[in-house]
Amino acid sequence: MAAESARLPGLVEEFVAGEVDSKAADVTEGVKAGNFTILELVEALGLSLTSSQPQTRGRGVQLLSQVLQECYSGLSEKEVEVLIAFYENRLKDHYAITPHVLRGLKALVKSTALPPGSAVSILKSLFQDIHVQSLMVAQRSCVYNMLISLMESREGELKGLGPDFVYGFVQAVDGERDPRNLLLAFQIARNIIHRGYDLSQFTEELFEVMSCYFPIDFTPPPNNPHGIAEEDLILALRAVLTGTPRFAEFLLPLIIEKLDSDVQNAKVDSLQTLAACGPVYGHRELADFLPGLWSSIRREVFQTASERVESAGLAALTSLSACLSRSVLTSDSEDPLQVFLELVLKDCKHHLCEPDLKLVWPSAKLLQAACGASYRSSLLITATVLPALLDEYSSRAQCAQRRTLLEVLHGFVQPTPSSLSAEGEESVLLPFQKSLCSAVFSALSESSAGLQITAIKVLITLGEQPGLLSESEVETAVDHLTKLILEEDDAQVSLAVAECAGSLSRLHPSSFTSRLIPRLKDEIFSEPMVLRDDSAPSKTRQRCVSALASVSTLPGLVQETAPVLLQVLSSAQRGSNSFSLEEVTSVCHSLQRIANRAQGAEEIGKFFHDVIIPQLLGLALQAALQSQRSSDLSSALTQETVLSALVPVISSVCAALQTDLAAQTAAQFVSLFLDGETSFLPENTYPSQIQLLKSEFESWSQSQLVCLLMACVCSFPHNVEIPEIDRLLGQLEDLSCTSTHPFSYTSAAKCFAGLINKRAAGQALDAALEKTLKRIRETLDCESSAQRVQAFTLLVWVAKALLLRYHPLSTALSDKIFSLLRDPELGSRAADSLSLLMSDSSDVLNRSCHADVRIMYRQRFFTENSDKLVQGFNSAEQEKKSVYLKALSHIVNNLPRQVQLTELPPLLPLLLEALLCPDDAVQLSVLSCLQPVLQDPPPALSSQLEALFSRLLSLTSSSAMNVRIAALRCIHALSRLPEHTVLPFRARVLRVLASPLDDKKRLVRKEAVSARGEWFLLGSPGGR
Amino acid sequence: MSVTAARLENSNPLIFHRAAERLITTEEQDEHLPDPIDDREIFDLIRSINDPEHPLSLEELNVVEQVRVNVNDQESTVSVEFTPTIPHCSMATLIGLSIKVKLLRSLPDRFKIDVHITPGTHASEDAVNKQLADKERVAAALENSQLLEVVNQCLSNRTL
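Chains as they are written, first to last, in our numbering: chain A, -14 to 1009; chain B, 814 to 973.
To be clear, the hints were calculated from the coordinates, so they are not data collected in a lab.
Be aware that a few hints might be false.
Unchecked claim - Facing chain B, according to a computed beta carbon distance under 7 Å, are these residues of chain A, among others:
id	residue
1	111
2	114
3	381
4	382
5	917
6	982
7	983
8	986
9	998
10	1002
11	1005
Claimed, not checked - Calculated from the model, a selection of chain A residues having no Cβ within reach of chain B, i.e. all distances over 10 Å:
id	residue
12	-9
13	159
14	288
15	289
16	336
17	405
18	415
19	488
20	790
21	921
22	980
Backbone N, C-alpha and C fix where the C-beta goes; we use that ideal spot for every residue, glycine too.
All chains should be modelled from the sequences, with the hints used to inform the complete structure.
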């Protein structure tokens, strides 16, 4: 111990006289380890602290401060007191010593043993002896940090200083320019305001010293070494300026002044700051400035071309109105909210009556912003505006004007969260409910699509607010909707009608069951034989069918609509020719939309399970048996498109069924397909010898029903057991390997894959797989076999099923596929199959049918196989190379964008090569994966630009229109690259793009025009 | 306030609804059928040009209309009439120039492009028409970088 403390003078000597900086760390270590105390250090420093040389004194203080910085926590109160007295005294010392003194003080104020009264004395000497702004950045920061620590720990003492503290701070901060220090200063000011320090006569001084930074204009240095963004400073300053109502009299004139600025950011900042005042101020603070503020806001919103300024202006107006709405009304004074809103109304209302002129929109937005601020303001505004708008609406005859008025009206009937009526208050719209409805209904009977759509939007909004539509009005509305469905063929109107019908049906189902559904049903079954050639009745029917799906929002409604749709299928099956294939397909799509609602509505699922699915299956089976008996194949339900459309109906119901119902359905389907068990089907008139999965007799109309089996058994959640799975798998394998009907063998393969994907890992699965893979391999290896295509299809689907679940066998299967790229017969199919492997399949093996899909399987597949592909490409003979490029483009195209960005650079040369490949499909595929990459190009691209430009430019004269379009889009995207990299190509691009301007196809010309336009702007003044 | 207010010559102009996007027909998607350049195609080129002083397009201000566009694909001629919002609009030349430049950049060389003011809608109609018809003056105007900047702003897709 003694030996240790004996080292101290030596260390001190070396640091002070020898200028060996590292010794400070040694001393600190010693103090921390308890080898010597601070007192001993001070004693050892002795002479250097009192030396007449400022240099020596500086070193002495520096050492002491440096040690204190690490060891302040171990000090006793007495020690702190003595040290503080010493340091305070040193503040008066030579300027070269000040930095060290400040560091020491900063350490000391952090000590918990700070004696009472010392905070005050430190601050006093600090404010007295130091001129903060003549210090360096780091020392200024030291001072601010000291203030922050003291405010945390000694709030009471600081407040005891009274306004002197604020004054001292104002003096210290005046003129600060460093963004890091400003953030600290703003923090101190915010503390002063929020923690109740006494501002008294220095309120204005504090405001002045802070507001001189407003509005903030700060551009961080390159690379932003301090990580401070302009936004940080803006928000910190805004919190200070809007922190107290006492600043109002200074801030509000400042905002009005800054709003006159020509700088857009200043305007936006001012408006946002104003908006931030709203929650803090009361109406008294605002009173004097309201006319000025309003005229500035109005001017900005009326004249601006910028959405940012506009939305900031509107938000400020909302905030002001909300603030005034909080004022307490007294009987003897006028309501400040009313006075203000009258001002707003006076300037805006008359513009609403000029629906052709530009200012109708900003005026409406301003009024709506004020209206949405509170219940009270919405009451005041709607009372004046709605009657005027409704009057104007009825006095105008032009559709365009009426549409504008109705559009404006729509903004006023939409409640905002703050203007919603509270309990016990009635909706502000109630007095106008009748006239609003009649305006909407009159608009719905006009012939203008735009007007109708706007009216429908208003109707939806009214319908969503309870009490605004009476029963009879709902009925009228439903009648209007029915009429539009039957008569209006504009696509946008139909879309709006569907949305409205969906929204209203949820709240008023009875009007739909009693009026709309029966009417549509009549229309669907009315016989339009005479008009067969005309497409109009068919379109009406399809609209009716689709509308039935839109209104099926509740189980009660589904029970009405789904049977109607089923009836269509059943009459289509009976061979009556009145329904076209297209109509039948659209019925299936509508059924699917309804089936999708089964998720989250158990009752709908049960209804489908009990009624719809058995009937569907029965119809499909009847159709299949019929077509086999007679050669008349007309029944729509044997068509591939119809069956494919039925798949998602069954699949989405099965995916949503409760476990017990699901198990029941699974058992029914499996026994039907394996054993011909038909007892659960309605109208049981089926022969007893049905073997749906046997393909011996070329009965493809039966075997293709396997797609429905797939829809069912592949969609259940994992916990649903599929009965007799091994026998099922065996028969599916047979069907998929031996059938000659592509739809049948593909569906069987998909069904097989769907089951394999979900089957629990273990011996049973391995055995089943081994058997199947052996068969696939044997067929594929036998080049004369007629069933290679079938075997290959099964291979691809099984490979996908295993790839998705990360099964160890999947690598072997994908290798097999890669090896088939060289196969003369299957090579091209193998390349295309990669797209199937990498993309989501819509009907099976996706997440919505509960398949086992691991995240990032695409990346994994890519990382494992891209090298093999590149090697295969390099070693393939010239005419086979395109197959590899096609395969590669399929894989890359399906990768997530993030992965594309990182993985693409090494593949770029190959992709550029692929652009030279004469196959249109390859070119298109590569272009479509390049285009998104070019939006945010990887750095590796810059070295390939020359090659890229020449390939793309030559593709603009390709013979395939889609390739020309895709190439032009890529060229367009390239104009967004950093200017210096692409400017050298400008002249060439403009020259080459002149010829597609005269392309024979309009769609190509359109792309050429927009690409060339952008390239003209590149590097041109006012361009980019 | 007066400064910004003075900038707008016509602060509350009439505005018109935009026409819907052109629907893509099956003929247009057919690889082999040629689509001739028609009036609507030319109108689509110029309707979205920004007005120099309002955040509105020329179509919304009714400065250009489809009926005032005439194109003859066979003879390679295009004629566009535009209507300034007020007869003393000082922006007329600039608007005409923007339309002309847009067409020059977007149409094949073979076209002869004529841009002029709708007769009887502007005080100095003849002078403006003459300027717009004079190739050399148009070229000279585009050498002026300040003028080019304003024209380019009218032709760029506004992103604010």
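Against the structure, the hints:
With its C-beta approaching chain B no nearer than about 46 Å, residue 111/A sits outside the 7 Å limit, and its interface hint is violated. Taken as an interface hint, residue 114/A does not check out: its beta carbon lies about 49 Å from the nearest beta carbon of chain B, beyond 7 Å. At its closest, the beta carbon of residue 381/A sits 14 Å from a beta carbon of chain B; the interface hint therefore is violated under the 7 Å criterion. With a cut of 7 Å, the hint placing residue 382/A at the interface with chain B is violated, because the nearest CB-to-CB distance is about 16 Å.
The interface hint given for residue 917/A is violated, since its Cβ lies 19 Å from the closest Cβ of chain B, which is over the 7 Å cut-off. For residue 982/A, the interface hint holds, the least distance from its beta-carbon to any beta-carbon of chain B being 5 Å, beneath 7 Å. With its C-beta approaching chain B no nearer than about 4 Å, residue 983/A sits inside the 7 Å limit, and its interface hint holds. Among the interface hints, the one on residue 986/A holds; its C-beta lies about 6 Å from the nearest C-beta in chain B, closer than the 7 Å criterion.
A cut of 7 Å between beta carbons decides the hint on residue 998/A: the least distance to chain B is about 6 Å, and the hint holds. With 7 Å as the threshold, the beta carbon of residue 1002/A comes within range of chain B, its nearest partner Cβ sitting at about 6 Å, so the hint holds. Against a cut-off of 7 Å between C-beta atoms, the interface hint on residue 1005/A holds, since the closest Cβ of chain B lies about 6 Å away. With a minimum CB-CB distance of about 74 Å to chain B, residue -9/A clears the 10 Å threshold, and the non-interface call stands.
For residue 159/A, the non-interface assignment is confirmed: its Cβ lies about 32 Å from the closest Cβ of chain B, beyond the 10 Å cut-off. A Cβ of chain B approaches the Cβ of residue 288/A within 10 Å, the least distance being about 6 Å, so the stated non-interface status is violated. Interface exclusion of residue 289/A from chain B breaks down, the closest Cβ pair being 7 Å apart, not more than 10 Å. At the 10 Å boundary, the C-beta of residue 336/A falls inside the reach of chain B, the nearest C-beta of that chain being 8 Å off.
Every CB of chain B is more than 10 Å from the CB of residue 405/A (nearest about 32 Å), matching its label as outside the interface. Listed as a non-interface residue, residue 415/A keeps its Cβ farther than 10 Å from every Cβ of chain B; the least gap is roughly 32 Å. Here residue 488/A stays apart from chain B, with its beta-carbon at least about 25 Å from theirs, past the 10 Å limit. Distance to chain B confirms residue 790/A as a non-interface residue, since its nearest Cβ pair spans about 40 Å, more than 10 Å.
Distance to chain B confirms residue 921/A as a non-interface residue, since its nearest Cβ pair spans about 17 Å, more than 10 Å. Against chain B, the non-interface label of residue 980/A is violated: not every CB pair exceeds 10 Å, the least being about 8 Å.
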